[in-house]
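Respectively, the protein sequence lines represent chains A and B.
Quick note on this note's numbering: the first sequence kicks off at 58 and runs consecutively.
Quick note on this note's numbering: the second sequence kicks off at 970 and runs consecutively.
Treat the hints loosely; a few may be bogus.
What follows is a set of in silico ranges between Cβ atoms, one per label pair, in the way DEER data are often shown [unchecked claim]:
id	chain 1	residue 1	chain 2	residue 2	range
1	A	Leu551	B	Asp984	39 to 49 Å
2	A	Val287	B	Trp1018	17 to 27 Å
3	B	Gly1054	A	Pro206	37 to 47 Å
Okay, the calculated bits of chain A under chain B, using three or more residues with CB under 8 Å as the criterion [what the hints assert, rightly or not]:
id	stretch
4	236-249
5	389-400
6	564-576
These aren't lab readings, by the way, just hints derived from the structure by calculation.
Note that beta-carbon positions come from the ideal geometry of N, C-alpha and C, so glycine has one too.
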Amino acid sequence: MDHNGNTELRENSFWRKYLFSADHKTIGKQYLWLGLIMALVGGILAYFMRKQLAWPESETLTPNVYNAFVTMHGTIMVFFVAMPILLGCFGNFLIPLMIGADDMAFPRLNMLSFWTFFVGTLLLILSFFVPGGAAAAGWTGYAPLSAKPIYTGVNWGLNLWILSLALEFASVLMGGVNFMTTAITMRAEGMSWFRLPLMVWMQLSAAIIFMLSVGPTIAAAVLLLLDRLVGTGFFVPAQGGDPLLWQHLFWFFGHPEVYVVLLPGFGVLLEILPAGSRKPIFGYRIIIYSTLVAGVLSFIVWAHHMFVSGMNPNLSMPFSITTILISVPFAIVIFAMIATMWRGSIRLTTAMSFAIGTLMTFLMGGVTGIFNGSAAVDIFIHDTYFVVAHFHYTLFPATFFAAFAGIYFWFPKMFGRMLNETWGKVHFWLTFVGFNLVFLPMFRLGMAGHMRRLADPTQYNFLSTESIKSTQIFITWAAIGLLIGQAPFIVNFLRSIVAGEVAEENPWQANTLEWSTASPPPHGNFEVRPIVHHDPYNYSSPDADSDWLPQDQSLEEITT
Amino acid sequence: MVMYSPEISRSDPVDKATLATLIFLGTEIMFFAGLISSFLILRAGTPNWPPPGQPRYPILITGFNTLFLLVSGATMFRAVKAAQGHRRKRWLLATFGFGTLFLGIQGVEWVKLVEYGMTFTSSIYGGLFYTLIGCHALHLVIALVILIFVIFRSGFGTKTHPLLSLCSLYWYFVVGIWPLLYTLVYLL
Ligand SMILES: [Cu+2]
Chain A
58 MDHNGNTELR ENSFWRKYLF SADHKTIGKQ YLWLGLIMAL VGGILAYFMR
108 KQLAWPESET LTPNVYNAFV TMHGTIMVFF VAMPILLGCF GNFLIPLMIG
158 ADDMAFPRLN MLSFWTFFVG TLLLILSFFV PGGAAAAGWT GYAPLSAKPI
208 YTGVNWGLNL WILSLALEFA SVLMGGVNFM TTAITMRAEG MSWFRLPLMV
258 WMQLSAAIIF MLSVGPTIAA AVLLLLDRLV GTGFFVPAQG GDPLLWQHLF
308 WFFGHPEVYV VLLPGFGVLL EILPAGSRKP IFGYRIIIYS TLVAGVLSFI
358 VWAHHMFVSG MNPNLSMPFS ITTILISVPF AIVIFAMIAT MWRGSIRLTT
408 AMSFAIGTLM TFLMGGVTGI FNGSAAVDIF IHDTYFVVAH FHYTLFPATF
458 FAAFAGIYFW FPKMFGRMLN ETWGKVHFWL TFVGFNLVFL PMFRLGMAGH
508 MRRLADPTQY NFLSTESIKS TQIFITWAAI GLLIGQAPFI VNFLRSIVAG
558 EVAEENPWQA NTLEWSTASP PPHGNFEVRP IVHHDPYNYS SPDADSDWLP
608 QDQSLEEITT
Chain B
970 MVMYSPEISR SDPVDKATLA TLIFLGTEIM FFAGLISSFL ILRAGTPNWP
1020 PPGQPRYPIL ITGFNTLFLL VSGATMFRAV KAAQGHRRKR WLLATFGFGT
1070 LFLGIQGVEW VKLVEYGMTF TSSIYGGLFY TLIGCHALHL VIALVILIFV
1120 IFRSGFGTKT HPLLSLCSLY WYFVVGIWPL LYTLVYLL
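Here chain A stands alone, though its shape is the one from the complex:
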């Protein structure tokens, strides 16, 4: 081949390989980068809010900007960090590998999905810089606050907010169609439904829940956009509209959305815990059934966000009951995870530490959720920092602890190199301790009556006491520590991509199919299409020579 043709070839493959790639592994990594960068943006917003709250006299943020930061922090962390990392990255990267397929069912649709997401992200960032600033109606976009520009003084910021979420939903929709079609039609020979790794089950459940719940919210977004742009009054009482309608439509999606994020996080844990405990998963099928039950229940709990909204109080009781009911299947899954570790020979890797950290913190989130779920208690703590603490104890474990666990675990497969374990442990302890120091005191603030979304709490006498003030300052220092605690990770991550120890095929001695191919896997994933002989959690099997038994290795192969 002549010289010219050769360079052209290389250029071509650079664009195709790293940027406009249809390979699910590259797309997964692109989502990871996007999510991590947005996490930094979300974290910086949180820093400014904390600075304002600890030292209101510094006037770090005006109330308007504070509202915008609260809104964008929530939007970014839920939709542009949790979604791209937990679904975009882990879903795209792992589903085809774990089921033994060469790619997604629709690779080009997958690429389109990422770039749609990317444009949505750009629009969201752009909204900071339009006149009037970014959306300031809360991440829940409550109407009528969001329905007319005069209420928040934000015009194009909120329109862009709706638009960027619309693009993100379109992207996840394409992704969800892809996830489901892939998992249903492209499983390797022998990969029956009950031999699927639980990660795939969780991704699938998340996709189904998302697809079934997002429709009404898209309808609500259409109505909201018409209110803002055309002048209809669907959510404006003065025009005969109903602001509560927005809350119903939003939370019909909003609550299931929490599980869309949480389930892939559970999926990460359900892969790491057996491999890190060298034991089969406890109650494989029970975990699947519980997840499905929780998925169904998640559609009939939404009004627990609305106990004090002015909706018919007769609805409170049934929604309290379903909400408390939904903790049962989740408790089963958590117990199954703990039972998986019970008497295992635990290998306390960084991934395993983060997995256990997820369990411990999420447990706090789950238990405090019962307080919010029962209407009688919720009326007292609603819209206070108790709620802020509660949902950070559920979403932070999923979005960060579980995501970090997954990154430390699958980094070798993604980049072909290992992350440094020592710095990983440092990162874990800084994150774990930092997180608890930030959010544990918030329960107390909430019980003391500290409302959410308050730019200057010292306007209230009861929030100006020395004890409250010192707690605020303590939380802010802890938050700064938590943010700085991410530095070891950033350095470790960037350094290991180029200079980490080269990873072998199966560094954690795990069973699922992604560990039976090279690190990183070649284009097409497997040299020979794998045939599946076992369930994915065959650890410490007395029949095998080693304490693990890869899914694609038949026992005869080993014994002969």
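Knowing the structure of chain A, use the given hints to seat chain B with the ligand on it.
Frame of chain A, contents of chain B with the ligand only:
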């Protein structure tokens, strides 16, 4: 050269594209469910329906129009089932004709309603009508565009086209959701 084949030639138990379309339509159904519930909730909260000074929704003519749309569903079904090319061509063109007819009559009705003083912003009553019926019309327009694409790409239906079965699924959805909308929005 980097090669990737989007549709891998493996025999699958379920046709991937069909499955994906069905999953997508599930989301579409939930979208319309959201719109319809919004309609019912807002309607229940409005004391006078229709509000004073606003025209009634055109029940009768839309009822006839509904028949045209249903017929287009039937002709689409015949087109998919047609064994010979020239028959398929006839049924596809009939589908296109009835679909366009439905849309045209809807358009004429809209013009009349606007003349009677019912606009997007005249009342919740008007806004909901245009939003719900407009969303359906938009879906029909998209379905028509796909249909035109299929017709032109298949030599006016004389050859088979892989998109035809997907197009028909989408068409059935647009036709199937209409009687529900008609009943809840116009008749109820
Ligand atoms: Cu909820």
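Numbers of unmet hints, in rising order: 3, 5 and 6
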